[in-house]
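Dock chain B against the given chain A, drawing on the hints supplied.
Line by line, the protein sequences give chains A and B. Per our numbering, residue 27 is the first one in the first sequence, and the count goes up by one each step. Per our numbering, residue 27 is the first one in the second sequence, and the count goes up by one each step.
Calculated from the structure, these hints are not laboratory results. One or more of the hints may lead you astray.
If we take Cβ atoms under 10 Å as the criterion, some of the chain B residues that face chain A in the derived model are [what the hints assert, rightly or not]:
1. Ala70
2. Thr82
3. Gly99
4. Glu101
5. Tyr120
Beta carbons are placed, not taken as given, at the ideal position from N, Cα and C, and that holds for glycine.
Spelled out from the first residue to the last, the chains are:
There are 2 protein chains.
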Amino acid sequence: MRDVSIIGIGQTDVGERWERSLRDLAVDAVVAAMKDSHAERVDALYVGNMLSGELTAQEHLGTLIADWSGLGGAEAYKVEAADASGAAAVRLAYLGVASGIHDFVIACGVEKTTDADAETTNAAWSYGTDAEYEGNQGITMPSMAGLLMRRYMHEFSVAHEDLAPFAVIAHANGANNPHAMFRSPISAAVYAKAGMVADPVGMFDAAPLCDGAAAVLLCPTEVANRFASRPVRIRASAAASDRLAIHSRNDPLFLRAAHLSAERAYMQAGVAPHELDLFELHDAFSILAALSLEACGFAGRGKAAELAKQGVFDLQGKTPICTMGGLKARGHPIAASGVYQIVEVVQQLRGEAGANQIEAHLGMAQSLGGTGATAITHILEA
Amino acid sequence: MRDVSIIGIGQTDVGERWERSLRDLAVDAVVAAMKDSHAERVDALYVGNMLSGELTAQEHLGTLIADWSGLGGAEAYKVEAADASGAAAVRLAYLGVASGIHDFVIACGVEKTTDADAETTNAAWSYGTDAEYEGNQGITMPSMAGLLMRRYMHEFSVAHEDLAPFAVIAHANGANNPHAMFRSPISAAVYAKAGMVADPVGMFDAAPLCDGAAAVLLCPTEVANRFASRPVRIRASAAASDRLAIHSRNDPLFLRAAHLSAERAYMQAGVAPHELDLFELHDAFSILAALSLEACGFAGRGKAAELAKQGVFDLQGKTPICTMGGLKARGHPIAASGVYQIVEVVQQLRGEAGANQIEAHLGMAQSLGGTGATAITHILEA
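So here's chain A without its partners, still in its complex pose (with noise of 0.2 Å):
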């Protein structure tokens, strides 16, 4: 197996872009992170993304934007794993590189939402949970969030207020990211004045979905010096699934693929979570970040929010979290955001973070699906 390195990153403003159309935005992502290397040739192209047909008509994605980058022959497929397709993609040119099939592989996540009216977009966003037993029940990504965030509070005796650092946190952090669709820090009393999404999740517990598209290239490790002056090791990739239905789940509030992913990425790497200097967690949900913190060690059962006011995820804390702004500031361009996460730890790698810099060498992200049911774990080196 060859070891394996990011050699070029690319990624695109996220919001309401408009003026961009999907292919527009992956292409954007897939030709910056192209110039951002000196590799000569691309061998294959994943595509990250999960709702082209139902709010673009368009699917063949992998191969339209091989095409319209002028990657003229390269292999490519669209790869979907919900909100985790983009780390799917990500997984998958690892395999590729990894394998000594392919030198030089692009993973860009793309999703463009405005395409279609809000309602149809966050019925199709249902898509990711179980159709028979939960979508088409008429459940919403934010109130099964709502659900879990209840059970939460209930369980470990936590309060609304006590998660507002998660919001807290990711808007200071994207007030200073140019490419973050939100860039106004907000406080603890602005998020307990917000109103209600799906009663207990309010509006700032809730990232935004729109549109925006991210690119890494990989090749082996072994030349990654001939092709980029800062490479990256990937030093661990690790996947794994739970149970897609929340009921299904023996203990709803244990991240099971959270958990499984993130062991298996510490394996691989040799490492403990307290030797990684950031982690780019799944913020679609408040509630998912805590979920997540506790499911990959960083804190115990029903504690994340007690250790997140401890000021420990901040930015100069021991582990900070969602440096560039996470999924609740930069925003959560559904399939996109899994390679927005390896973008920005590799920013922080390179020293290219900017007023959000931190002292980093090791850098884990974590892509969830749906509600979890899906893990995809990243540990990145300088």
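Below, chain B alone, put in the same frame as chain A:
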């Protein structure tokens, strides 16, 4: 890079499977593939599917099928490349095992088209074209095939009835396949009398959309004998893409991706076309069968139909095609077809093809996406 073999196959009956849901079909195939081998665990599952979101409101399909197949914790994604989605899943499963990251990987292809009405399904199938320049203008897959076929007939002075052998061969072979949707032989006269679907594409020039699922279980060749009595080695796995929209291609009658991926496969396997004992090709339309044979070196430009008439591609000919009925008679459950092709080659190489058994040691399967913008080719060896 590790050598990879197929140790288990599974397939459902193809047709209008009103009594089985999307998940039922996929689980049936996955469980059958597991039962067909002695593997005791599955590390990853890649599900090839094109339209689960559009037709069944279900994404996150990889994890759903892993969950319902009892693969607790396994890595799982959906892969999409239009009609070639199933073959793409096989290709990624190959990468997973070749890389050394996984030992046992299942690739499943599934499509459930009868959950939506025919108009919706046909419109969604066109999402495999370029939405902005082709699909959204109202063009469908049959009408795209009609444009190609008309041009082919003009360019090479081929009459409609000259293409009859492709449908005749497929239906003759499908008659002996217990899983096939259509099990009645047809004559050239019946072919000629059939109504038009999209002139000059007649009813027997177009494979039927339907329901079905197939699966293969892969492991390293070095241990394959421990888990199967007749493992089949993957001698080559290759993929390529072309411009997506037909109007972007220099020569619409030359399937460049099919040519490229076949050439890559021949190079990997160190074989020439004439050394292959059978070729499961992508006859979603008879024109695509002809163009595939020409792109892959089995016939000169414009000569495929003539060779077919001479019996070259019959079951007892030099290079049998569609030995279990092809897409035309076995049926074309969109994303599943690419895996059915692999399963059928394995049946031939194992000597399990029943009345259609040929003497075969080396077989090829090639799946095309849309009008051929994606091509994935596998060469298998007994």
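Results for each hint:
Because the closest C-beta pair between Ala70/B and chain A is about 8 Å apart, less than 10 Å, the hint holds. For Thr82/B, the interface hint holds, the least distance from its beta-carbon to any beta-carbon of chain A being 6 Å, beneath 10 Å. At its closest, the beta carbon of Gly99/B sits 5 Å from a beta carbon of chain A; the interface hint therefore holds under the 10 Å criterion. At a threshold of 10 Å, the smallest CB-CB gap from Glu101/B to chain A is about 4 Å, leaving the interface hint in force.
A least Cβ separation of about 8 Å between Tyr120/B and chain A falls short of the 10 Å threshold, and the interface hint therefore holds.
Checked against the numbered hints above, the structure violates none of them.
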